[in-house]
Amino acid sequence: MHSKQEHKLKVFWLQGLTCNGNAHSFLNLDYLGELLEKTEFLQHPLLPSKYALSEMAECKTGCDVLIFEGAYDPSLKRAGVFVDKILRHYAKNAKYIIAVGTCASFGGIFKATSPQTNSGILFNEAEKNGPLQEYNAKIINLSGCPVHPEWLGFTLNMIIDRRKIVLDEEHRPQELYSSLVHHGCTRNEYFEWKVDANHFGEKEGCLFYKQGCRAPMTHGSCNTILWNGVNSKTRSGTPCFGCTESDFPRTNLFETKTNMSIPADAPVGVPKRAYLTVTGIAKTFHIKRLEEPLIDYKNNT
Amino acid sequence: MITKTILEQIEGEASLYFDMKGNIVDFVTIAFPHFRGMEKMLEGKNAMDALVITPRVCGICGHSHLLASVRAIEDAYKNSDSVVEITNKAAKVREITLVLEIIQNHLKWIYLVLVPHLRELSESEELLNTPLKGAYGASFATKILAIFAGQWPHSSYMVPGGITSDFTYVDLTKAKSHLQKLTEYFEAETLGASVEEFLSFESCKDFAPLESDFAKIEQLLIDLEMHKKGHAKDTFLSIGIHEFSHAAKVKGTKLFKVASKYVETQDAYAPDEKSYAKNALYKNQFYETGPLARCMAKEFKLIKNMHRRFKDSAYTRVMARIYETAYLLGFCKKLLDEINISEASCRETIPLKNISGTGEGVVEAPRGPLIHRVQIKEGIIKSYEIITPTQYNIASATKENPSPAQQAMLHCSQADAKFIFRTFDVCSVCTTH
Ligand code: SF4
Ligand code: SF4
Numbered sequence: 494m495h496s497k498q499e500h501k502l503k504v505f506w507l508q509g510l511t512c513n514g515n516a517h518s519f520l521n522l523d524y525l526g527e528l529l530e531k532t533e534f535l536q537h538p539l540l541p542s543k544y545a546l547s548e549m550a551e552c553k554t555g556c557d558v559l560i561f562e563g564a565y566d567p568s569l570k571r572a573g574v575f576v577d578k579i580l581r582h583y584a585k586n587a588k589y590i591i592a593v594g595t596c597a598s599f600g601g602i603f604k605a606t607s608p609q610t611n612s613g614i615l616f617n618e619a620e621k622n623g624p625l626q627e628y629n630a631k632i633i634n635l636s637g638c639p640v641h642p643e644w645l646g647f648t649l650n651m652i653i654d655r656r657k658i659v660l661d662e663e664h665r666p667q668e669l670y671s672s673l674v675h676h677g678c679t680r681n682e683y684f685e686w687k688v689d690a691n692h693f694g695e696k697e698g699c700l701f702y703k704q705g706c707r708a709p710m711t712h713g714s715c716n717t718i719l720w721n722g723v724n725s726k727t728r729s730g731t732p733c734f735g736c737t738e739s740d741f742p743r744t745n746l747f748e749t750k751t752n753m754s755i756p757a758d759a760p761v762g763v764p765k766r767a768y769l770t771v772t773g774i775a776k777t778f779h780i781k782r783l784e785e786p787l788i789d790y791k792n793n794t
Numbered sequence: 534m535i536t537k538t539i540l541e542q543i544e545g546e547a548s549l550y551f552d553m554k555g556n557i558v559d560f561v562t563i564a565f566p567h568f569r570g571m572e573k574m575l576e577g578k579n580a581m582d583a584l585v586i587t588p589r590v591c592g593i594c595g596h597s598h599l600l601a602s603v604r605a606i607e608d609a610y611k612n613s614d615s616v617v618e619i620t621n622k623a624a625k626v627r628e629i630t631l632v633l634e635i636i637q638n639h640l641k642w643i644y645l646v647l648v649p650h651l652r653e654l655s656e657s658e659e660l661l662n663t664p665l666k667g668a669y670g671a672s673f674a675t676k677i678l679a680i681f682a683g684q685w686p687h688s689s690y691m692v693p694g695g696i697t698s699d700f701t702y703v704d705l706t707k708a709k710s711h712l713q714k715l716t717e718y719f720e721a722e723t724l725g726a727s728v729e730e731f732l733s734f735e736s737c738k739d740f741a742p743l744e745s746d747f748a749k750i751e752q753l754l755i756d757l758e759m760h761k762k763g764h765a766k767d768t769f770l771s772i773g774i775h776e777f778s779h780a781a782k783v784k785g786t787k788l789f790k791v792a793s794k795y796v797e798t799q800d801a802y803a804p805d806e807k808s809y810a811k812n813a814l815y816k817n818q819f820y821e822t823g824p825l826a827r828c829m830a831k832e833f834k835l836i837k838n839m840h841r842r843f844k845d846s847a848y849t850r851v852m853a854r855i856y857e858t859a860y861l862l863g864f865c866k867k868l869l870d871e872i873n874i875s876e877a878s879c880r881e882t883i884p885l886k887n888i889s890g891t892g893e894g895v896v897e898a899p900r901g902p903l904i905h906r907v908q909i910k911e912g913i914i915k916s917y918e919i920i921t922p923t924q925y926n927i928a929s930a931t932k933e934n935p936s937p938a939q940q941a942m943l944h945c946s947q948a949d950a951k952f953i954f955r956t957f958d959v960c961s962v963c964t965t966h
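Chains as they are written, first to last, in the numbering used here: chain P, 494 to 794; chain R, 534 to 966.
It is worth saying that the hints were derived from the structure and are not from the lab.
One or more hints might be untrue.
[As the list claims (entries may be wrong)] Ranges between beta-carbon positions, derived for each pair:
1) Gln609/P x Glu541/R: 20 to 30 Å
2) Glu776/R x Asp789/P: 53 to 63 Å
3) Glu776/R x Lys543/P: 39 to 49 Å
4) Lys543/P x Asp559/R: 44 to 54 Å
5) Lys543/P x Glu656/R: 24 to 34 Å
6) Ile883/R x Phe575/P: 42 to 52 Å
7) Glu576/R x Phe575/P: 26 to 36 Å
8) Gly722/P x Lys867/R: 19 to 29 Å
9) Lys867/R x Asp789/P: 21 to 31 Å
[To be verified] Straight line, CA to CA, 30 Å or less: simulated DSS-like cross-link-like pairs of lysine-lysine:
10) Lys621/P x Lys573/R
11) Lys910/R x Lys750/P
12) Lys703/P x Lys886/R
13) Lys543/P x Lys537/R
14) Lys750/P x Lys573/R
15) Lys578/P x Lys573/R
16) Lys750/P x Lys578/R
17) Lys537/R x Lys553/P
18) Lys570/P x Lys866/R
19) Lys915/R x Lys750/P
20) Lys543/P x Lys951/R
21) Lys531/P x Lys503/P
22) Lys807/R x Lys553/P
23) Lys703/P x Lys951/R
24) Lys578/R x Lys621/P
25) Lys886/R x Lys776/P
26) Lys750/P x Lys611/R
27) Lys807/R x Lys570/P
28) Lys867/R x Lys578/P
29) Lys696/P x Lys932/R
30) Lys696/P x Lys807/R
31) Lys570/P x Lys932/R
32) Lys537/R x Lys578/P
33) Lys886/R x Lys750/P
34) Lys703/P x Lys578/R
35) Lys707/R x Lys696/P
36) Lys570/P x Lys951/R
37) Lys703/P x Lys537/R
[To be verified] Calculated from the model, a selection of chain P residues having no Cβ within reach of chain R, i.e. all distances over 12 Å:
38) Asn513
39) Leu746
40) Ser754
Here a beta-carbon is modelled for each residue, glycine too, at the ideal position from N, C-alpha and C.
Model the full structure from these sequences, guided by the hints.
Here it is as structure tokens:
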């Protein structure tokens with residue numbers, strides 16, 4: 494009989510150029526304790542680990558799953574060794590390589606700082622020409638800035654349970670990224686009837702028309718698998734900035750680019766003409782209920 | 534001979550160059566090797582974009598960066614004759630979420646940094662390694678934070694004029710209930726006393742009856758003589774304006790006025806390796822920042838008492854961080870009770886493209902004062918400067934005028950010095966934004 498110890502998934506969490514946000518996001522996972530029963534961190538930047546980073550950097554051992562956080566920067570060293578060398582050594586024998594966060598997936602924020610040299614590990618923005626091409630088949634991208642803890646929790650559990658993870662063209666699990674972030678937002682009714690939020694700080698209105706919400710163009714499950722188990726950006730009145738997509742970070746993040754006062758980008762898969770027609774029609778109706786405050790605290794306290 | 538050690542698990546890494554005299558540390562220089570270039574990246578961008586970019590300076594205190602950013606932009610509004618006044622409600626909620634970020638930081642520090650390194654140094658099995666206590670407590674704090682801010686890490690819910698969130702009584706009730714649970718958890722798992730009782734303590738003698746993680750930590754620190762080691766400069770700085778803190782410069786126990794305009798940076802002195810960190814000084818002098826500085830500026834009895842006996846030792850520094858956690862839990866409850874939900878979340882401001890001028894935002898982040906300075910022209914960022922707390926504490930200067938951490942590591946063993954280094958709660962990513 495094998496001891497439980499031997500069955501544990503051996504995970505190495507390596508960092509490129511990062512803010513540490515993915516490592517911290519992961520600590521918010523509700524079932525972290527249960528997951529840690531089934532995994533053994535050879536090295537993690539925050540959690541107690543079997544080895545020090547300097548020991549891992551000697552490249553003498555291997556892991557089942559290599560997690561990479563942060564942008565790939567060819568000149569970067571960790572524990573005195575080029576990250577490129579450490580990354581390639583562990584990538585070779587790992588069963589899966591998980592790029593956590595948008596930096597590791599596409600380049601993200603820390604590509605924007607050095608665009609000529611930095612990238613994700615498999616993708617460089619939308620181009621699939623990152624440094625780890627030869628390991629294409631085993632790379633899973635969990636984009637998001639940062640990664641949602643449950644997205645990583647799901648992926649590790651699927652690997653532990655030896656289930657197949659179905660990926661999209663950008664190597665993201667379909668279970669997490671097949672729908673748009675718009676799906677499940679509490680402002681959906683306002684979106685349908687094209688009622689925009691007048692300004693920030695109101696629970697009424699949709700943020701798509703003026704405030705720059707990218708959720709209809711963004712793949713992810715922020716509004717169905719809630720953040721920290723309780724909320725999302727759009728529910729709390731902040732536009733989605735499209736942080737799971739390869740073009741993050743865009744510019745003018747709090748503004749919607751419009752054409753004749755209609756958003757210039759239509760929701761994913763919706764033909765522009767169809768969107769324009771529906772918008773034109775919806776705008777001719779005035780739904781009084783949607784134009785009034787939902788709750789009138791001010792006159793009732 | 535100078536020997537190099539790379540320290541990990543400090544939100545990144547740092548290189549320490551020890552100059553030893555026998556087994557005793559004679560001097561240390563510190564280098565932060567990773568460059569990221571956040572300030573440059575902001576130039577030419579719409580100033581509002583700073584609210585999305587700057588939280589990404591740091592995965593553990595991004596919310597502090599958000600507040601510093603929004604304060605800097607609002608200050609620029611003010612300096613171009615368009616004062617932005619936020620409601621009491623928005624001010625309170627901004628404060629609540631900041632305080633919760635500090636609490637999660639401290640809880641993680643206690644269980645993911647302090648406990649394992651205390652165990653290692655003391656070779657004691659007395660204190661159990663329970664990282665999940667830290668992670669669990671912290672995730673509770675961030676859950677409450679997310680009720681208002683949408684998510685943690687990396688929220689952008691503060692905007693000029695207030696906050697984006699228009700929460701309900703349902704949300705508020707949930708937040709209060711979660712806070713209650715978090716407080717009870719901290720009392721049971723860490724303190725071994727109620728927060729109220731703990732905050733009423735006036736001297737270390739009051740700890741005697743406690744049997745808890747806190748009591749074990751305290752005892753181990755004394756066993757290791759950390760009350761006699763790790764003394765920094767005995768000068769403290771707290772600059773951010775908040776309800777929970779008091780802005781002051783403290784020398785020994787004397788309080789003086791402060792003004793952020795006296796904060797300047799200089800290149801680090803790191804002769805053995807290129808460091809991307811800059812030193813931060815106040816009127817050309819080094820000060821310690823963070824929980825101990827804030828506790829001294831607030832003149833909390835217990836911490837002042839410890840300071841009277843043990844000065845700014847490693848012991849006092851650690852105790853101040855735990856004390857502040859308890860204090861902030863109580864403070865957060867008070868703030869939640871004071872919210873008037875019928876006030877506006879956000880007041881309308883004139884469009885940012887009409888704003889040209891400079892602005893500064895100062896915030897007490899988990900590790901001390903965080904400053905953002907922005908220059909805006911017609912809504913576009915001309916320049917952006919970020920000065921983080923670790924730049925004061927872990928500055929690397931010459932032997933003649935050492936920084937707080939350099940001073941604190943002198944004249945002890947290398948093992949002690951590394952532990953003492955960590956008592957400053959070092960954040961590498963912030964330092965090399
Ligand atoms: S605010 Fe954004 S996510 Fe919500 S309904 Fe509007 S477009 Fe969709
Ligand atoms: S709502 Fe949008 S910006 Fe926010 S985490 Fe989700 S994908 Fe990223």
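Any hints this thing doesn't respect? Which numbers, in order?
2, 4, 5, 18, 23, 28, 29, 30, 37, 38, 39
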